[in-house]
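Chemist: Build the full structure now, drawing on both the sequences and the hints.
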Amino acid sequence: MTSFTKPDGTLSSLGRWLEQRTGVLSFFRSVIDESIPGGPRWAYVFGSGLLFLVATQFITGVALALYYVPSTNSAHTTVAYITKQVWSGSFIRSVHSYGSQMIVVVLFLHLAQTFLFGAFKGRREILWLSGVCLFLLMLGMAFTGYLLPWDQRAYFATAVGTNVMGEVPVVGVFLKRLLRGGDEMGTLTLSRFYVLHIIVIPFGIAAFIALHLFLFRKAGPAGPPEPVPRLSARPFYPRQFAMDAGFAGILMLILIALAHFAPVPLGPEVDRSSAAYIPRPEWYFLPLFQWLKYWAGSRAIIGIVVIPTIVFALFALVPFVDRGSERRPRRRLLSTSLFACVIGSLCLLGFLSRRDDRSDRNVSGQLAWQNEEERNYMRQPFEPTFTDVLASAKEPPSPLLLAGQGIFHTSQCVFCHGEGGVGTKAAPRLAGLASKLSVEQLSALIRHPNPKMKAGGMPAFAGSDEDLHTLIAYLQSLQ
Amino acid sequence: MFLDEVRVIELPCSTTGVFRDERETGRRSFLGLLAGVGAAAVAAVISLPFLRYMVYPLHEEASRGQWFDLGPLDQFASTAGPTRKLVNIQRLDGWQQTVSQQAVYVTHDAEGSLSVLSSVCPHLGCSVAWKPETAQFVCPCHGGCFAADGARVSGPPPTGMSVLPAKAEGARLMVSYSPVAGRSKVA
Ligand code: FES
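As they're listed, the protein sequences go chains W and B.
Each residue of the first sequence is one higher than the last, beginning at 1020 in the numbering used here.
Each residue of the second sequence is one higher than the last, beginning at 2 in the numbering used here.
Warning: the hint list may mix true and false statements.
As the list claims (entries may be wrong) - Partial pick of chain B residues on the chain W-facing surface, computed with a CB cut under 7 Å:
1) Leu32
2) Tyr54
3) Leu93
4) Trp96
5) Gln98
6) Ala152
Unchecked claim - Chain W is faced by these chain B residues, among others (derived, beta-carbon under 7 Å):
7) Pro50
8) Arg53
9) Tyr57
10) Gln97
Said to hold, decoys possible - Residues from chain B that keep clear of chain W, each with C-beta distances beyond 12 Å, as calculated:
11) Gly33
12) Thr84
13) Leu115
14) Gly144
15) Cys146
16) Gly156
17) Thr160
Since the hints were made in silico from the structure, they are not lab data.
Beta carbons are placed, not taken as given, at the ideal position from N, Cα and C, and that holds for glycine.
Modeler: Below you can see the structure in the form of structure tokens.
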């Protein structure tokens, strides 16, 4: 501000110029002089902490998008490239990953503070609802971001997550297919999740943060739950500001320390055939995951849809339910104890989930083995993918192969085995198969087809030995 | 709209009823300074890994001097004109190993010895083609013309075509291709 104000506190000519055109200085003034009833407190730092974390996610996310490619061919390779190859890549990816987990923690603290202080009261219904939307959007970010590395952990956790969605009656299967881009998870799923993760949900988050802050400025800070004398109010700046900045600094230090000393690993690429893999979601989804275990069969609808909907509706509509003017938590026993119940059950479910895994030998062994696999994979150096030389160089086929192709046509092999030996209904594919057999094996089969081949209508080759070898060279060149 | 300076400064305090004396103002500007310096220091420290992260590809070597076999030497004995040859260049393109083709021209320089020219135009990098009708290399982009030995004839290109390092190995002609070509000749 110094270049905008004179020592006596009035606006300098530059400040005046800017103020008259934008009003930004008086806006800034009103922000830092925002009056906080009862004075500053550490309890109020979570909102700005969230803002700081969202900004961190935004910056690290842009950096990650610089190298990431959302397709089944490249997703895992590019994340491996970021993690193992690019300078500071592992650090930035780890900050992004830990940052997402920290958002969940701070979001919870922010929510708990608002709830317990009764800070949603006093014409703040829409402010609370915009916060609820932000909560859902953040969970959406966590869910969509988890798939993108396309390693075992990501793939199977998301497969389970989208299957849960499929259990929702009437619309569930459609939603699941819409999200996956089909019945199976694949390259379309990746691009859908990517677009949601970097475009759709972030725009939603930006819009709702703007709304949230706008409504907060309109309503003003709620202050502590107990009545305080009017004169105890203090401006946001400097003490509350210092606390907010201090909290952001602490969050940053934790993030840096975690990312530096415990970098987030990347597992081996998806192997869909691995039946043994046991998927586990991120820790904050564990209570939900455990909850779903108890609701099998026809009752599943109650567990997956009815109860969560009721709990969520209560949570979202709190300002319409808890309407009294009393804000002290001890005088709102119903609200407070309900809140404690929900938190308690979430913790219990999370604990039970961990205990189930630990007590089952097979599961804990498999989980330990999966972690070991990840560590092994992280120890291997980065392998660039290889683009096939022949395919991209488009060299013309040699005369021998051209002659072989001619024989393939004149001997009428092409009618059953298809152009380029790709196979038809009448006869199997030869491309890729012939190269696995030796010349002797092939010439024996072509000269004297086995009974099964004869039954399919395969004639014995009647041409010269030289033609046979030319034909075999052609067959073996097919990919 | 005219805004009274004094009102701009005093407005927030008068509405909130917050008491502010001179000491407070002094402390406030000091804290502001501290916050500014702190934020700048943090930003500097944090931006370091980001800078490293972003410049990483510039450090990776684009392609090492690979030697490509262009075929037997006597194939180029005729003086009918430059011969177009393709070299398959393998390079590490970020996270993938790729192969791309580059055209080179085997030609004879003024003294009659073999030289290999890059087909990349020295002006702005279009692909130069040999036109037998006019016995010149012509660039399709801005009409740069070069003689059969690659020397500049006319048009915007500042120099002649780049001569690639080449050597005879056994009875075969080898060329070293790199995006930034220097000038040399077959001994
Ligand atoms: S690029 Fe060849 S003349 Fe301009």
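Chemist: Give me the numbers of the hints this structure contradicts, sorted from smallest to largest.
Modeler: 6 and 11
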